[in-house]
Structures are given as structure tokens and as C-alpha cells.
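Protein chains: 2
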Amino acid sequence: MNVVALTTTRRKASQRRRAPQIIEAAARVFAERGFHGATTQDIANVLGIKQASLYYYFSSKETALELVCLKGVEGFFDAAKAIAARPESATNRLTLLIKSHLSPLVDRPDFVRVFLNERQHLPRESRRRIGRWSRGLERIFEDVITEGIKKGEFRADLDARLATLAILGMCNAASNWHRKESTDITRAAAEFAQLAISGMGKRPTVPRRRR
Amino acid sequence: MNVVALTTTRRKASQRRRAPQIIEAAARVFAERGFHGATTQDIANVLGIKQASLYYYFSSKETALELVCLKGVEGFFDAAKAIAARPESATNRLTLLIKSHLSPLVDRPDFVRVFLNERQHLPRESRRRIGRWSRGLERIFEDVITEGIKKGEFRADLDARLATLAILGMCNAASNWHRKESTDITRAAAEFAQLAISGMGKRPTVPRRRR
DNA sequence: AATTCCATCTATTGAGCTATAGAAAAATCG
DNA sequence: CGATTTTTCTATAGCTCAATAGATGGAATT
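Protein sequence lines correspond, in order, to chains A and B.
Convert by adding 12 to the 1-based position in the first sequence; the result is the number in my numbering.
Convert by adding 12 to the 1-based position in the second sequence; the result is the number in my numbering.
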């Protein structure tokens with residue numbers, strides 16, 4: 013047998029033609045029933061193939077979860093980091109952060125939902141990795157808020173950590189209601205940003221009158 | 013056979029001596045691993061009894077979930093309704109609502125967590141019932157906010173629905189971080205209330221600044 | 001046309017889990 | 001103590017599910 017041919021020509025599971033569809037089906041099913049509540053049969057049903065055929069695309073159900081979670085956070089972190097680094101006021105950057113944080117909910121809601129609710133069921137190693145990533149994102153929000161406090165844009169007595177948790181909680185909850193509610197996400201993002209900004213603003217604050 | 017004796021002397025599962033402990037163990041395990049991720053064996057392990065013995069206390073795993081969820085919401089709704097009916101400003105009532113909403117997290121965090129994350133796995137009937145309850149609670153928040161807008165306490169352009177979702181999202185997320193974060197819930201409740209109130213409040217108009 | 005590769009299928013194994021039945025042990029009560 | 005009731009145990013049935021092995025058919029390649 014030709015070992016070289018095998019290793020050079022055989023593609024990884026993630027590069028197989030229907031791989032994106034398979035992962036999307038997994039995302040849908042995991043989002044709907046939760047990781048443990050979902051069966052590989054459920055995923056196969058969505059795709060119209062047999063349960064065993066899935067294992068051509070991933071080596072275990074847990075691997076499938078990992079792929080879904082990874083796609084759920086893809087770009088997230090880098091986008092946030094870029095926004096935080098801009099030469100703008102903390103207020104503006106936080107507004108952008110909130111809008112950016114909500115945007116993936118528009119085009120891949122299932123992936124986000126799975127990432128938020130099911131990542132706890134990942135195997136140790138990848139859970140740690142994703143946890144680290146997650147904390148990094150929180151950090152970005154918190155740092156911008158802290159900076160905003162220092163610069164006098166936000167209340168001096170504000171607890172940056174709690175404000176971060178509040179904002180992220182508010183945003184992440186959107187993945188739970190965005191299906192049923194009629195409101196579109198973009199509008200929600202704008203309203204949420206305004207809520208947060210004025211919520212953290214200095215008490216006898218004056219609206220920022222530009223120009 | 014003596015039917016009367018059976019029905020009069022035999023207690024319901026919920027009245028058996030250790031029933032509260034059994035439900036608490038279930039709450040702990042469900043909170044930690046999720047309903048489908050948890051096994052009845054896990055629950056038995058916590059209690060130091062055999063798996064089959066659990067069925068003396070509940071007739072199915074789903075029933076156990078239902079009991080946990082019910083205890084998770086116990087009192088919630090009535091407390092909120094009472095607060096909403098008080099003869100106080102919308103601002104004050106909303107502050108109280110937020111504090112009241114977070115308080116169960118102090119004494120029965122696992123139950124709340126299970127209610128929030130696992131109620132979707134309840135059987136149709138009880139899921140509906142709890143869903144109705146949940147919508148009722150949202151309604152209370154939303155009504156107070158709407159009233160606050162009408163009375164001029166909050167911004168006229170505020171979307172009451174979105175504000176409700178934001179506040180509840182912010183509060184409910186606390187069940188996810190309260191374990192790891194050092195902050196105590198009472199403090200968080202105060203800060204959250206302030207964030208929400210000033211976030212929805214009318215901003216002073218420009219001329220007032222000069223006085 | 002023959003060969004190789006890709007995608008899916010059939011068939012099955014083996015593990016783990018819920019739930020039941022009935023015995024045993026422990027507690028309670030007359 | 002003896003009887004009754006409550007609680008827990010042993011044993012196991014029956015099912016579902018993830019995962020593997022190997023076959024099949026079609027597409028691409030030479």
C-alpha cells in the first residue's frame with residue numbers, strides 16, 4: 013500500500029465538500045435540543061443521510077460540538093480587539109463593541125447559541141481553550157470601561173467588572189429571545205448601547221452635543 | 013384489599029421525609045451537568061444511596077426536573093406582583109423588582125440556574141405552564157417600565173420591550189457568573205438597578221447646565 | 001476501460017441509562 | 001414485642017445511542 017499517497021492526497025474531514033453543511037446541521041440540532049439532548053440521528057435526519065455517515069465528517073459527537081463552538085466565536089475576538097484599539101472615546105468604542113458583539117446573532121444564531129449554552133460540555137482541553145478566549149473578550153470590554161472611567165466619560169463610582177457582566181449578560185441573552193421577538197437585532201443593538209452608555213454616564217450628565 | 017387505608021395513609025412522594033434533600037441533590041446535579049448530561053446515578057451518588065432508590069421519591073427523571081424548576085420559580089412571581097402594585101414611583105418599583113429578582117440566587121442558586129437553562133427540556137405540559145408564568149413576570153417588568161415612560165420618569169423614546177429584555181438578560185446572566193465572581197449578589201443588584209434606572213432616565217437638557 | 005478516490009450505506013457491537021419488581025432492612029407504633 | 005409502614009437495596013429488563021467495520025455505487029482520473 014502506498015502510504016505516501018494516502019497521507020498526501022487524503023483530505024481532512026474539515027475540508028470535505030459538505031463539511032460546512034454538516035456542521036450547520038449539527039449547530040441547528042445542538043441549539044434546539046442541547047448537546048446531550050441531541051442525537052447524531054437527529055443531525056443525520058436534518059441532512060437526509062444515515063447516522064453512521066456523519067462519522068465521515070467528524071470523529072465524535074464532541075468533536076462536532078467543538079467545531080460548532082469554534083465557528084460560533086470565529087472573528088469575535090479579533091473584531092473586538094480591533095475596535096478597542098481605535099483612537100476614539102471609550103463611549104464610542106463601547107457602542108461599537110456592543111453592536112459588533114450582537115452582529116453574529118444575525119447570520120449564525122445557532123452557532124452563537126451553542127457556544128453560549130453548550131460549551132460547558134466540551135472536553136476539558138477545548139473547554140479550557142475556549143474559556144480563555146471568552147475571558148479575553150470580557151477583558152476587552154472591561155478595559156474600555158475602566159479607561160472610560162479614568163477619562164471621566166463614565167461615573168467614577170462605577171464597578172467596571174459588574175458593568176461588563178451586565179452588558180455581556182444583556183447582549184448574550186439576545187440569543188435566547190431573538191427567535192421569538194419581532195424586534196430586529198440591529199435595532200436592539202442600538203438601544204442596548206444607548207442604555208449602557210447612559211447607564212454608566214456621570215449623573216448630572218449632559219448629552220454629548222457634537223458640533 | 014383495603015383501598016381506603018391505602019389512600020389515606022400512604023403519603024405522596026413529595027411528602028416523604030428526605031424529599032427536600034433528594035430534590036436539592038437533583039438541582040445540584042442538573043445545574044452542573046444539564047438535564048440530559050446528568051444521570052440518575054449522579055444524583056444518587058450525591059446522596060450516597062442507590063440509583064433505583066430515587067424512584068421512591070419521583071416517578072421519572074422528568075418529574076424531578078419539574079420539581080426542581082417549580083422550586084426555582086417559587087414565590088418569584090407573587091413577590092414581583094406585590095412590588096409592582098405598590099404606590100411608589102416606577103423608578104423605585106423597578107429598583108425593587110431587580111433586587112427581588114436577584115435575591116433567589118443567594119439562597120437557591122442551583123434551582124434558579126436549572127429553571128433558566130433546563131426548563132426547555134420539560135415535557136410539553138409543564139413547559140407550557142412554566143412558560144406562561146415566565147411571560148407573566150416579563151409582563152410585570154414591562155408594565156412598570158411603560159408606566160414610567162408615561163409618567164415622564166423614563167425617556168419617551170425608550171422601547172419598553174427591549175428595556176425589559178435587557179434588564180432580565182442582565183439579571184439572569186448572574187446565575188452564570190455568581191459562582192466564579194467574588195462580588196456578592198446584593199451589591200450587584202444595587203449596581204444593576206442603578207445602571208438600568210439611569211440608563212432609561214431622561215437626560216437633563218443642555219440649558220440646565222449653565223444654571 | 002480500468003483504476004482510484006470519495007461519499008454514503010448496511011449491519012452491528014457494546015456501553016450506559018431509565019425504570020420496574022420484589023426482597024430486605026430500618027423505623028414507627030400499638 | 002409484634003405488626004405495620006417507610007425506606008433502601010439487589011437484580012435486571014429493555015432501550016437508546018455513539019461509534020466501528022466493511023461493502024457499495026458513483027465520480028473523477030488516467
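If you are wondering where the hints come from, they were derived from the structure by calculation, not from laboratory data.
Incorrect hints may appear among the rest.
No distinction is drawn between identical chains; accordingly, a pair holds when it is met within one copy or between any pair of copies.
What the hints assert, rightly or not - List time: in silico EDC-like cross-link candidates among lysine to aspartate or glutamate, alpha-carbon distance up to 16 Å: (1) K192 x E150; (2) K111 x E203; (3) K214 x E203; (4) K162 x E74; (5) K192 x E86.
Predicted, not measured: the structure shown is a model, and the values here were computed from it.
Going down the list of hints, with the structure as the test:
no. : hint        : result
1   : K192 x E150 : between (27 Å within a copy, 14 Å between copies)
2   : K111 x E203 : within (10 Å within a copy, 23 Å between copies)
3   : K214 x E203 : between (19 Å within a copy, 14 Å between copies)
4   : K162 x E74  : neither (44 Å within a copy, 51 Å between copies)
5   : K192 x E86  : neither (25 Å within a copy, 25 Å between copies)
Hint compliance for this structure: hints 4 and 5 are not met, and every other hint is.
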